[in-house]
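Chemist: The lines below spell out each chain.
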Amino acid sequence: MNPYLPREAEIVSRHEESATTFSLGLRLTDGQPYRFAPGQFNMLYLYGCGEVPISIVGDDPVAGTLSHTIRAVGRVTQGLQQLAVGDRIGLRGPYGRGWPMAAAEGRNLIVVTGGLGCAPSVSIIHHVLDNRARYGHLSILQGVKHADDLIWREQYDAWAALPDVTVGLAADVASPGWHGHVGLVTALFDQVTLQPEQTLAMLCGPEIMMRAAAEQLHARGVAADDIYLSMERNMQCAVGHCGHCQHGGRFVCRDGPVFAWPEVRALLGVRGF
Amino acid sequence: MIKEAGFLARADLQTLLDRLHDLGYRVIGPVVDDAAILYRDIDRVEQLPLGYTDDQAPGSYRLSQVDTPRCFAWADGPHALKPFLFAPRETMWQVARDSDGRLAFSAVDPRPAKALAVVGVRACDLAALALQDRHFLDHVNDPYYEARRAGLFLVAVHCAYPADTCFCASTGDGPRATTGCDLALHELDDGFIVEAASPRGHAVCDGLSLRAIDDDQRRAANDALSEAAHRQFRRLPSTDLHNGLLARLDHPRWEQVASRCLACGSCTSVCPTCFCHAESDAPSLDGNDSEHLREWDSCFSAGHAQLHGFQVRPEIRQRYRQWLTHKLGSWHEQYGRSGCVGCGRCITWCPVGIDITAEANAICADTIEEAP
Ligand SMILES: Cc1cc2nc3c(=O)[nH]c(=O)nc-3n(C[C@H](O)[C@H](O)[C@H](O)COP(=O)(O)OP(=O)(O)OC[C@H]3O[C@@H](n4cnc5c(N)ncnc54)[C@H](O)[C@@H]3O)c2cc1C
Ligand code: SF4
Ligand code: SF4
Ligand code: FES
Chain A
1 MNPYLPREAE IVSRHEESAT TFSLGLRLTD GQPYRFAPGQ FNMLYLYGCG EVPISIVGDD
61 PVAGTLSHTI RAVGRVTQGL QQLAVGDRIG LRGPYGRGWP MAAAEGRNLI VVTGGLGCAP
121 SVSIIHHVLD NRARYGHLSI LQGVKHADDL IWREQYDAWA ALPDVTVGLA ADVASPGWHG
181 HVGLVTALFD QVTLQPEQTL AMLCGPEIMM RAAAEQLHAR GVAADDIYLS MERNMQCAVG
241 HCGHCQHGGR FVCRDGPVFA WPEVRALLGV RGF
Chain B
274 MIKEAGFLAR ADLQTLLDRL HDLGYRVIGP VVDDAAILYR DIDRVEQLPL GYTDDQAPGS
334 YRLSQVDTPR CFAWADGPHA LKPFLFAPRE TMWQVARDSD GRLAFSAVDP RPAKALAVVG
394 VRACDLAALA LQDRHFLDHV NDPYYEARRA GLFLVAVHCA YPADTCFCAS TGDGPRATTG
454 CDLALHELDD GFIVEAASPR GHAVCDGLSL RAIDDDQRRA ANDALSEAAH RQFRRLPSTD
514 LHNGLLARLD HPRWEQVASR CLACGSCTSV CPTCFCHAES DAPSLDGNDS EHLREWDSCF
574 SAGHAQLHGF QVRPEIRQRY RQWLTHKLGS WHEQYGRSGC VGCGRCITWC PVGIDITAEA
634 NAICADTIEE AP
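Protein chains in written order, with our numbering: chain A, 1 to 273; chain B, 274 to 645.
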């Protein structure tokens with residue numbers, strides 16, 4: 001088996017989330033089964049252009065499809081944005097170590113995301129809601145720079161209406177009609193009743209935000225080993241060979257992208273690593 | 274285990290090359306090319322760098338001729354084994370697109386037409402090969418590396434002529450080749466003590482006319498290697514470099530070395546253990562197919578740690594620090610040992626003569642509080 005060879009995937013659905021963000025539903029044309037764990041990612045290949053790492057948001061085992069939410073920022077992602085239902089791309093994966101969903105069973109979960117780091121955390125939320133009895137209280141805390149950056153606004157409202165789910169939204173800059181907090185996402189910790197020994201935290205977003213969130217949660221009594229975070233680095237091979245994703249001695253693609261905080265704490269947010 | 278096989282007279286060295294050719298190998302050996310000793314296809318002993326020696330210093334490499342009958346009286350040039358296994362540039366797979374936009378992916382068959390036999394390999398490069406094996410084969414098999422590695426036959430030459438830039442004795446990787454080869458040679462004026470280190474090596478010896486080795490020859494060979502180790506004056510600090518360097522990320526020396534470093538990546542391209550590579554696509558003009566390639570990359574390049582809207586290492590100081598903390602530090606976490614085998618190439622081939630041993634010693638010289 002050649003670990004670098006993509007499989008062909010067909011775009012079966014496409015949804016515009018915002019001016020720059022879109023979701024694709026994909027079906028592998030070889031008909032072979034595909035399984036992933038929340039927090040893992042795929043390498044998506046745009047014909048003639050290149051591959052990019054993209055988190056897996058969820059799947060529909062009955063329809064045999066999986067979904068990705070992508071922000072068009074550069075060559076490959078803007079090219080993917082131009083594609084329509086019926087178009088073909090390449091896909092290989094899933095890769096990496098995902099969220100500790102087994103260790104999280106029976107615990108309260110606090111999911112903290114910043115900026116557009118929402119895609120990897122949506123897979124957590126889907127997994128918890130699909131297996132609701134296995135998990136305790138779910139807090140979803142999402143921060144964005146500008147209130148207009150928030151995608152899935154109706155989705156957050158729908159989650160907030162569920163029993164045993166708390167949703168907190170924060171924006172550095174508000175816009176008319178913004179009902180969430182104005183300021184940093186970490187300020188939302190005051191709004192949730194945290195039972196620290198019962199809680200497992202999952203963080204995703206800019207490293208500065210994750211470092212601050214980890215330190216504050218830890219100061220509030222959450223054990224360092226119960227804080228997990230998802231790292232982002234340049235990735236080209238996804239199998240620990242190309243060297244681009246290294247963070248100290250870790251290959252983020254293979255050893256991560258999800259790490260327990262103590263594994264990456266020493267270099268987290270240190271400029272140059 | 275390496276075992277003595279016998280003495281090969283200088284006049285019979287050609288029989289070793291012939292034997293390797295006869296066994297179907299593509300034979301690679303050192304030749305003088307472009308004013309340096311490089312590895313090239315060879316079939317005659319006359320192609321070997323007879324009578325050549327080298328003069329290496331930070332930022333400089335020069336060949337000269339001396340009065341010796343020997344062919345291996347030099348230390349490694351810029352070429353390592355690395356390019357023969359981990360290609361500087363190669364196509365990994367192709368994709369064809371039909372008129373309906375369907376994509377068909379096909380991997381390139383990485384099997385070489387002939388297995389390689391490399392003559393003249395030094396201990397440092399064998400140690401580097403063992404590290405690259407771990408990187409490309411331990412977790413996920415790299416099919417391209419694996420296919421070229423599978424049939425590789427290695428004839429080592431114990432290194433009696435270290436350059437001023439060599440420090441393999443300090444890293445524990447040389448000058449004697451102890452493991453990882455098929456044959457190893459001690460070069461003496463009149464011929465070679467041949468040692469066999471693998472069943473394939475023994476099989477090759479069976480076809481050579483080997484004589485008994487006498488004690489004088491044995492003593493001369495061993496003395497030359499002890500002297501070679503003693504002559505090396507560069508060394509890395511003997512302290513725990515992994516924690517030592519990480520504890521000194523703000524040392525002013527990083528800024529000083531960065532003011533000299535050109536971020537050219539010469540060091541990473543000659544380093545036999547560096548494994549970074551970048552992937553890219555080359556679509557055909559008619560739009561019907563595309564090739565997916567990889568080529569060597571360097572942690573000194575601007576794109577190496579580029580994220581959308583965020584460059585992890587915008588400054589040369591951060592890139593040099595990444596290279597050193599990885600090479601001498603994080604490799605311990607990744608592969609249980611330092612990523613430096615003491616070959617000295619990065620010192621010789623750095624255009625401004627930056628010396629990894631001088632930098633590591635300067636940064637680790639001061640005693641600072643280290644976490645217990
Ligand atoms: C584990 C992981 C999961 C991700 N999940 C998502 C997701 O679900 N949705 C989403 O929109 N984005 C996600 N990203 C970011 C996404 O991979 C980048 O936005 C994308 O690679 C940019 O490529 P480009 O060609 O469009 O941009 P360009 O800026 O043109 O890219 C140029 C080069 O930089 C690399 N690169 C640029 N930005 C990144 C980056 N952030 N991470 C890795 N490589 C980068 C590209 O691979 C390419 O080699 C994820 C990144 C990682 C590492
Ligand atoms: S770091 Fe320099 S001396 Fe060490 S193995 Fe690489 S090239 Fe050789
Ligand atoms: S250390 Fe020397 S060889 Fe390496 S990038 Fe800097 S200038 Fe180039
Ligand atoms: S993406 Fe290539 S080593 Fe991690």
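Don't take every hint at face value.
[Said to hold, decoys possible] Label pairs and their in silico Cβ distance ranges:
| no. | chain 1 | residue 1 | chain 2 | residue 2 | range |
| --- | --- | --- | --- | --- | --- |
| 1 | A | Glu105 | B | Ala575 | 40 to 48 Å |
| 2 | A | Arg271 | B | Asp307 | 35 to 43 Å |
| 3 | A | Lys145 | B | Asn634 | 40 to 48 Å |
| 4 | B | Ser471 | A | Gly136 | 40 to 48 Å |
Bear in mind the hints are in silico, worked out from the structure with no lab data behind them.
In this text, a Cβ means the ideal position worked out from N, Cα and C, and glycines have one as well.
Chemist: For each hint, tell me whether it holds in the structure or not.
Modeler: Here is what the structure says about each hint:
Taking the beta carbon of each, Glu105 (chain A) and Ala575 (chain B) are about 45 Å apart, inside 40 to 48 Å as hinted. Separation of Arg271 (chain A) from Asp307 (chain B) is about 40 Å and conforms to the stated range, judged on CB atoms against 35 to 43 Å. Distance hint for Lys145 (chain A) and Asn634 (chain B): a CB-CB separation of about 45 Å, consistent with the stated range 40 to 48 Å. Distance hint for Ser471 (chain B) and Gly136 (chain A): a CB-CB separation of about 59 Å, inconsistent with the stated range 40 to 48 Å.
Checked against the numbered hints above, the structure breaks only hint 4 and satisfies the rest.
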